[in-house]
Amino acid sequence: MIAKKSIKCLVTVILAVLPFFSFAQHGNEHGEEETEFNANDLINGHIGDSHEFHMFDYDGEAYSFYLPVILWTDNGLTIFSSKAFHHDNSGHHVVEKGGHSFVRDTEVIYYTDKYETLTADDKNAFNFDARPLDFSITKNVFSMILSAIILFLLFSAVARSYKKNDKAPKGLASFMEPLITFVRDDIAIPNIGEHKYAKFMPYLLTIFFFIWINNLIGLVPFFPFSSNLTGNIYFTFVLAFITFLVTTFSGNKTYWKHILMPPVPKALYPIMIPIEFIGMLTKPFALMIRLFANITAGHIIILSLVSLIFIFKTPAIAPVSGFFVLFMSALELLVAALQAYVFTLLSALFIGQAVAEDHH
Amino acid sequence: MNLIAPESLVFWTTAIFIIFFFLLKKFAWKPILGAVKGREDSINKALMSAEEARREIQNLKADNERILHEARAEREDMLKDAREIKNKIISDAKDEAQKQSHNMIEAAKSAIESEKKSAMIELKNHVAELSLEIAEKVVRGELSNKDKQLELVESLLGKSSLN
Chain A
1 MIAKKSIKCL VTVILAVLPF FSFAQHGNEH GEEETEFNAN DLINGHIGDS HEFHMFDYDG
61 EAYSFYLPVI LWTDNGLTIF SSKAFHHDNS GHHVVEKGGH SFVRDTEVIY YTDKYETLTA
121 DDKNAFNFDA RPLDFSITKN VFSMILSAII LFLLFSAVAR SYKKNDKAPK GLASFMEPLI
181 TFVRDDIAIP NIGEHKYAKF MPYLLTIFFF IWINNLIGLV PFFPFSSNLT GNIYFTFVLA
241 FITFLVTTFS GNKTYWKHIL MPPVPKALYP IMIPIEFIGM LTKPFALMIR LFANITAGHI
301 IILSLVSLIF IFKTPAIAPV SGFFVLFMSA LELLVAALQA YVFTLLSALF IGQAVAEDHH
Chain W
361 MNLIAPESLV FWTTAIFIIF FFLLKKFAWK PILGAVKGRE DSINKALMSA EEARREIQNL
421 KADNERILHE ARAEREDMLK DAREIKNKII SDAKDEAQKQ SHNMIEAAKS AIESEKKSAM
481 IELKNHVAEL SLEIAEKVVR GELSNKDKQL ELVESLLGKS SLN
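In the order they appear, the protein sequences are chains A and W.
End of the first sequence = 360 in our numbering, gap-free, step of one.
End of the second sequence = 523 in our numbering, gap-free, step of one.
If we strip away everything but chain W, and leave its shape as in the complex, we get (with noise of 0.2 Å):
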């Protein structure tokens, strides 16, 4: 192997490269690592921002979820109030109209009962006028003569007891 002078290539290798080196970290290395570092945070930190938004609409879905239940629970209970105000209601109606008509009747039945009476205590004075008036007319035909009269008066007071 013609490995020439060594000094030629030690001396070249040794100025070149430390130039080139030099020359490649400053033109090179320096702003192509500072770039890539860049956007890997920028990268890093877009995730990071993505990851913090889902989470946030992940809370938001979560109270969402919170309040449409809690709506839900509401109303349910809101109509289970209304369904037992209604049968309250309906149920008392039932009652007052219950109550209403018995007093009604109880009403009726009195009025009746007293018309009865009435009607009672009219008939017996009507009955009572009509015999009297019969009993006139019986009287003033029978007592056209004395003998008569007295026969009559006798027969009928052994006769007839006034009811």
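In isolation and in its complexed conformation, chain A is listed as follows (with noise of 0.2 Å):
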């Protein structure tokens, strides 16, 4: 029953969001000429962000799904559908909306007076100069948001099933249950201690779920999938942060003593304080390049296994590719679950060591 609704949902919400789509004639601007195969192009375009979610070609046209553009420009909020680039990725097609034109140049928009003066160097996301602030719900944002609601469905569906059964669990409730326990019994408990685990489970039952589904998407080759949001270092460092900030903030007497006041001779105290600062600070950079590089790993080996019939230009490497994607994606599928709980386990044991009482 609960299944039945959740779909419901699901085709609710895919029903609400149909006027979005359109179908939009590839903008022959190149002109006809066949144009060599380029795997770093098709990998870069694949684990990377877009403002539209492509779903496929069909006659030499891109159909896709367009997601909002939003710009915080001098004007203010500009919002428009990113199919108005027709999409030009090269900076050619202009757009005029809310008083500025702009030009999209690798998935990233430029004011175009400003961008016909940039030099090839300049033409970078991080050129705050030459463009408007970017707060587009890109492919990665819409993945984000359809995995919250899936999660959040699925929770809440199992949070009610619980009030009406104080029995033993049924159905969803009794597939989740051992995961939750998990985190619990086996993340939680042990590396934060039976007395603290409460006040943090939410915390790492929701980061959980939320990497592991997310991990999930990125392996699920079409539309409404397929985004690479788990191996996008934006997203992991926002989350590596947000376990920076707990631990941090939850930290005691006994962590702040151990990092102003290490217990080595006080002649080592010049060294020794910028060192434990820095420890501070490397513990959530490594969870945030350990999910970012072990995700997009797997996406980058599994493009180009594909791209390896491309490149020779012959079906007869189809199967060998075939084999070895249906091998890595079998080994994703492991890597998507572990990352989860990896980065689950270090936020709880980063945590469990800036609340732990002294035991010198």
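No wet-lab data here; the hints were simulated from the structure.
Being a predicted model, the structure only gives us computed values, none of them experimental.
It is possible that some hints are incorrect.
[What the hints assert, rightly or not] Derived BS3-like pairs (lysine-lysine); straight-line CA-CA distance at most 27 Å:
1. W:386 with A:163
2. A:167 with A:123
3. A:199 with W:448
4. A:163 with W:405
5. A:114 with A:97
6. A:163 with W:397
7. W:497 with W:519
8. A:196 with W:477
9. W:390 with A:163
10. A:266 with A:283
11. W:448 with W:459
12. A:164 with W:385
13. W:519 with A:167
[What the hints assert, rightly or not] Derived coverage of chain W by chain A (criterion: at least 3 residues anywhere in the stretch with Cβ under 8 Å from a Cβ of chain A; other residues may be distant):
14. 365-378
15. 383-393
[To be verified] Far from chain A, some chain W residues (derived; all Cβ distances over 12 Å):
16. 400
17. 403
18. 435
19. 445
20. 489
21. 507
All residues carry an ideal CB built from backbone N, CA and C; glycine is no exception.
Can you join these two chains into the complex? Each is in its own frame, and there are hints to help.
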């Protein structure tokens, strides 16, 4: 019953966003010449973020799900559909909206007048002079919202089933409960301790399931999934930063004493205290890099294997590629769960270190 | 890698994660963790009370065992007592009977003795009477004439001596 309801909700959501769909003809602005296959561009395009959700190509036309572009310019917010760029990513197609004109180059939106003056080296996402602030709902943001909705429906359904049933869990709850008790008994309690773990359970559960489902979404190769959210370093940065904040703000006297007055001779303090502060930052930094690198690497390997077919220009390599892609996908399924586990485990470990009582 | 503008994903991740976290905390984690904890507690309590009941039953069993044991011992004692009493009664009765019969035999013996004595006396008396009668008759016959009477008396007196 609960599953049926969730499907109904999902269908409703999809129907609600359907007006955003439209089918646009790919602007053949570069003419009809055959371009050389470039595996680098293909892979970068797939593991990166984008303003529209490319679904498939048919008869030389690209069919996409157009997501809203939200720009913060001198004139305030400017919102328009990413359809306006007509799939252009080379700075050729000029869009006039909200009193400004914009161009897009490799998924970065610039002011047209400033873009004209940029050299190739200046064309990057960190050139804040030449571009408006971009708060677009990108492919990754879209998939993050999707995953949040799925998880919320899933777990509120589980929570509801507990209200009706105070005996052994049934259905969905019996599937989810071992995962929840796993996070509690094998991640939170051993690392944080019996007395203090309860406060951090919601956070640990949230990151565990949030990372896991987004890892899985990244493995599904078709719309509305296929984004590479957990392989995006901004996303992992935010999660690691939240873990850093949680760790820092729950740190007790012992934790701070260890950083500010480490148990070494006073003469070493000028060296030790900076090292301790760097240590505070390296832990979440490692979290950020680990998740990003693991997930992105998996995607790159799978895409490279598929690219082999186009590089060798023969279908004969397809069975080999197919076999390896299958193998890698199975491995990635494991990695998806493993990285969610590792991120949660290390977060719990850092929190545990911050709240641990003095043992000296 | 098309990293797009960093502020987009950083902003949305922060916003969505925080909203998502508080929604889930309120509508999912709290009720779920509460229910799981509650159930675990109730299971633990049920197990504990089952253990308690088991222990009580064991105690009860031990008690029963002990009571049974005691009852058996008591029965044993009672049987032993009864056997002793029985033996005593039998031996007492035997003694009594022996004494009784002994007395009776004694009485019979003494009675027989006295009877014999009196019979003897009577017999003596009878023999004396008889001899007197015989003597009288003989004397009467002998003494039909005077000479003979005297002769006889003299011979009789001379020969027989009374025993």
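Hints, one by one, checked against the model:
Distance hint between residue 386 of chain W and residue 163 of chain A is fulfilled; the C-alpha atoms sit about 14 Å from each other, no more than 27 Å. For the suggested pair residue 167 of chain A and residue 123 of chain A, the alpha carbons sit about 61 Å apart, so the restraint of at most 27 Å is broken. Taking the CA atoms of residue 199 of chain A and residue 448 of chain W, the gap is near 86 Å; set against the 27 Å cutoff, the hint is violated. With a C-alpha separation of about 20 Å, the suggested pairing of residue 163 of chain A with residue 405 of chain W holds against the 27 Å cut-off.
Restraint check for residue 114 of chain A and residue 97 of chain A: the C-alpha separation of about 16 Å stays at or below 27 Å, so the hint holds. Pair hint residue 163 of chain A plus residue 397 of chain W holds up; C-alpha atoms about 13 Å apart against a cutoff of 27 Å. Distance restraint check for residue 497 of chain W and residue 519 of chain W: the Cα-Cα separation of roughly 18 Å lies within the 27 Å cut-off, and the hinted pair is therefore satisfied. With a C-alpha separation of about 125 Å, the suggested pairing of residue 196 of chain A with residue 477 of chain W is violated against the 27 Å cut-off.
With a CA separation close to 12 Å, the supplied pair residue 390 of chain W and residue 163 of chain A stays within the 27 Å bound. Proposed proximity of residue 266 of chain A and residue 283 of chain A is supported: the alpha carbons are some 25 Å apart, at most 27 Å. Between residue 448 of chain W and residue 459 of chain W, the direct Cα distance comes to roughly 16 Å. Compliance with the 27 Å bound is thereby established for this hinted pair. Distance restraint check for residue 164 of chain A and residue 385 of chain W: the Cα-Cα separation of roughly 19 Å lies within the 27 Å cut-off, and the hinted pair is therefore satisfied.
With a C-alpha separation of about 143 Å, the suggested pairing of residue 519 of chain W with residue 167 of chain A is violated against the 27 Å cut-off. Proximity of the segment 365-378 of chain W to chain A, defined as three or more residues with a beta carbon under 8 Å from a beta carbon of that chain, is established by the 12 residues found. Remark: the segment 383-393 of chain W is confirmed as covered by chain A, as 10 of its residues place a Cβ nearer than 8 Å to a Cβ of that chain, reaching the required three. A Cβ of chain A approaches the Cβ of residue 400 of chain W within 12 Å, the least distance being about 9 Å, so the stated non-interface status is violated.
For residue 403 of chain W, the non-interface assignment is contradicted: its Cβ lies about 9 Å from the closest Cβ of chain A, within the 12 Å cut-off. With a least CB separation of 51 Å from chain A, residue 435 of chain W remains clear of the 12 Å interface cut-off, as annotated. Separation of residue 445 of chain W from chain A is adequate, the least Cβ-Cβ distance of about 66 Å exceeding the 12 Å criterion. For residue 489 of chain W, the condition that its CB be more than 12 Å from all CB atoms of chain A holds, with the nearest at approximately 128 Å.
The non-interface label for residue 507 of chain W is consistent with chain A: the shortest C-beta to C-beta separation is roughly 156 Å, beyond 12 Å.
Hints 2, 3, 8, 13, 16, 17 from the earlier list are contradicted by this structure; the remaining hints agree with it.
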